[in-house]
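**Student:** Sequence:
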Amino acid sequence: MLARAWMAIAAASLITVALSRASPSNAQASGLGRRTDLAAPQGESSSPCTRESAVMANEVDLDANGFSPSCILVEKGESLLFSNTDDRAHTVTSDPDRPGSATRLESGVIEPEASYPYAFLERGEFGVHCGFHPGDHATVIVE
Numbered sequence: 235m236l237a238r239a240w241m242a243i244a245a246a247s248l249i250t251v252a253l254s255r256a257s258p259s260n261a262q263a264s265g266l267g268r269r270t271d272l273a274a275p276q277g278e279s280s281s282p283c284t285r286e287s288a289v290m291a292n293e294v295d296l297d298a299n300g301f302s303p304s305c306i307l308v309e310k311g312e313s314l315l316f317s318n319t320d321d322r323a324h325t326v327t328s329d330p331d332r333p334g335s336a337t338r339l340e341s342g343v344i345e346p347e348a349s350y351p352y353a354f355l356e357r358g359e360f361g362v363h364c365g366f367h368p369g370d371h372a373t374v375i376v377e
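Residue numbering for the sequence shown follows the numbering used here, starting at 235 and increasing by one per position.
Read the hints as simulated data drawn from the structure, not as lab findings.
Heads up, some of the hints might be wrong.
Label pairs and their in silico Cβ distance ranges [said to hold, decoys possible]: (1) E347 to E286: 12 to 22 Å; (2) R285 to D321: 28 to 38 Å; (3) V289 to G311: 13 to 23 Å; (4) D321 to T284: 30 to 40 Å; (5) E345 to E286: 30 to 40 Å; (6) R338 to E312: 17 to 27 Å; (7) R285 to R322: 11 to 21 Å; (8) E345 to P368: 16 to 26 Å; (9) E312 to E286: 28 to 38 Å.
All residues carry an ideal CB built from backbone N, CA and C; glycine is no exception.
Using the sequences provided together with the hints, build the complete structure.
**Tutor:** See below:
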């Protein structure tokens with residue numbers, strides 16, 4: 235019984251030490267904990283993306299602030315170039331909980347200074363996010 239009590243105390247001590255080492259500065263250095271706001275994820279405005287608010291673009295930057303622009307309008311059949319202008323890797327991944335989930339978009343890893351082209355062959359609204367930074371979202375409206 236006494237041995238179990240000592241094991242519980244030792245386990246609690248190890249957990250306390252591990253938690254004390256997980257400082258916010260360590261999380262930021264590793265790319266974790268980037269978001270400090272909870273009102274709107276990075277790369278996504280608090281207002282919905284509509285045809286009226288969408289930006290006609292053929293290139294989207296991926297950086298520390300997310301997708302730029304994050305509300306994009308393209309013509310059916312046009313390619314959109316997703317360019318990583320950050321010093322960390324990103325992805326462009328379909329958002330299963332947002333519009334366009336029927337179209338599967340998966341860029342794989344886009345390394346810094348690399349790009350990923352994608353041709354939108356169907357009309358509709360397509361939600362995407364970065365697989366490494368799930369708070370980074372964009373919406374592509376295809377006409």
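**Student:** Run every hint past the structure and note whether it holds.
**Tutor:** Structure-based check of all given hints:
1. Roughly 34 Å separates the CB atoms of E347 and E286, a value that falls outside the hinted 12 to 22 Å.
2. Remark: the range hint 28 to 38 Å for R285 to D321 is upheld by a beta-carbon distance near 34 Å.
3. Hint check: V289 to G311, Cβ distance near 19 Å, so the stated range 13 to 23 Å holds.
4. For D321 and T284, the Cβ-Cβ distance of about 33 Å falls inside the hinted range of 30 to 40 Å, so the restraint holds.
5. Checked against the hint of 30 to 40 Å, the pair E345 and E286 passes, with Cβ atoms roughly 35 Å apart.
6. About 19 Å separates the C-beta atoms of R338 and E312, a value consistent with the hinted range of 17 to 27 Å.
7. The beta-carbon spacing between R285 and R322, approximately 32 Å, falls outside the hinted interval of 11 to 21 Å.
8. Range check, E345 to P368: Cβ separation about 19 Å, and the 16 to 26 Å hint holds.
9. Checked against the hint of 28 to 38 Å, the C-beta distance between E312 and E286 comes to roughly 19 Å, which is inconsistent with it.
Of the hints listed earlier, those the structure fails to meet are numbers 1, 7 and 9, in rising order.
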